[in-house]
Amino acid sequence: MVANSKTAKNNEDIAGLQISSDNLGVYVAVSIDTAIFRRVAVMKTAYWYTDQCYVFVAKGDAPDSLKIELRAKEPAETDFLESLARAFCNRLLDQQVREMIAIETGEIRDALVKKAFFEGSKHLDPTILQSNESAVPSPGQSYKDDPLGVE
Amino acid sequence: MTAQFVRILDNNIYARKAVAEAQNAFREYCTVKATPAKGGQVKLAFSINTAHQNTAREVVLEFLNYALDRSVQMDLEETE
Chain Y
1 MVANSKTAKN
11 NEDIAGLQIS
21 SDNLGVYVAV
31 SIDTAIFRRV
41 AVMKTAYWYT
51 DQCYVFVAKG
61 DAPDSLKIEL
71 RAKEPAETDF
81 LESLARAFCN
91 RLLDQQVREM
101 IAIETGEIRD
111 ALVKKAFFEG
121 SKHLDPTILQ
131 SNESAVPSPG
141 QSYKDDPLGV
151 E
Chain W
1001 MTAQFVRILD
1011 NNIYARKAVA
1021 EAQNAFREYC
1031 TVKATPAKGG
1041 QVKLAFSINT
1051 AHQNTAREVV
1061 LEFLNYALDR
1071 SVQMDLEETE
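Line order of the protein sequences matches chains Y and W.
Just so you know, the first sequence maps onto residues 1 to 151 in my numbering.
Just so you know, the second sequence maps onto residues 1001 to 1080 in my numbering.
It is possible that part of the hints are untrue.
What the hints assert, rightly or not - The calculated SDA-like cross-link candidates involving lysine to any residue, where the alpha carbons are at most 25 angstroms apart (straight line), are: (1) 73/Y <-> 84/Y; (2) 1033/W <-> 50/Y; (3) 67/Y <-> 51/Y; (4) 1038/W <-> 51/Y; (5) 44/Y <-> 1025/W; (6) 1038/W <-> 135/Y; (7) 1033/W <-> 1021/W; (8) 73/Y <-> 1038/W.
Since the hints were made in silico from the structure, they are not lab data.
Chain Y extracted, bound-state conformation (with noise of 0.2 angstroms):
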C-alpha cells in the first residue's frame, strides 16, 4: 500500500482527519471529541466498521478525544482512506442520535413492552389461543372456484 504523499499532505489540513503511515502501512485517523459524542456511540461506530476495515481507537491527543486508526484491508489509494473516515463520521453521527433517541424514549420503550409482556400473561391458557380454522379450504377447494363470488 503506497500513500500518494501529495494528497497525504493535502488531507493533513482536513479537521479531523489525518493521513499517515507507520510499520503497518497507511492509515487515517479521525479525532473525536467525546463531549460530543458518547463514548458508546464510537464503540459501536468501530465495531461496525471491523468488518470492512482495521480499526484501532487510542486516546486522543487533546484530553476528553479519541483516536481512531482506519487502515484498509486491501491495498487502497488514500482517496479510498479519506472517504472510509468520511463515512465513519456519517456512521457515528447516526449512532448518537440513535443513543440519544434511545435514552429520550427509554421510558416509553420500557412502559410497552412491560404492557405487552402484561397482556401476554393473560392469555396463558392454550385452549384460548387456538386459532379459528374453520375457513381454511378443504382438499380439492381453490380459490379460483370462488363459490362467495367474491370476484
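Following the hints, complete the assembly by docking chain W onto the known chain Y.
Just chain W, lined up with the frame of chain Y:
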C-alpha cells in the same frame, strides 16, 4: 524471538479479558507479550510465527480488530 510490532492499548478501551481472548485465539499465528505501561495502558509486543511471516500485517491488525470486537461486546453485555 524478537518482537516485530509493538502496540500500546488503553485498558479503558480494550478490556484485559478481550486482549487475553485475542491472545488465545491468535496463538497459532503469533505470540503476544503483554506488559503493563503507564497511565492504565498495556504494551503488546507481537512476534509473528514463522509460517505466517508473509501476512504479519494482517495478523496484527486482525488481532486488534478481534480485541476491539470482544471489548465492545463485553461492554454491551454489561450495560444492556
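- Message: I'd like to know which numbered hints this structure contradicts. Please list them from smallest to largest.
- Response: Violated hints: 4, 6, 8; rest satisfied.
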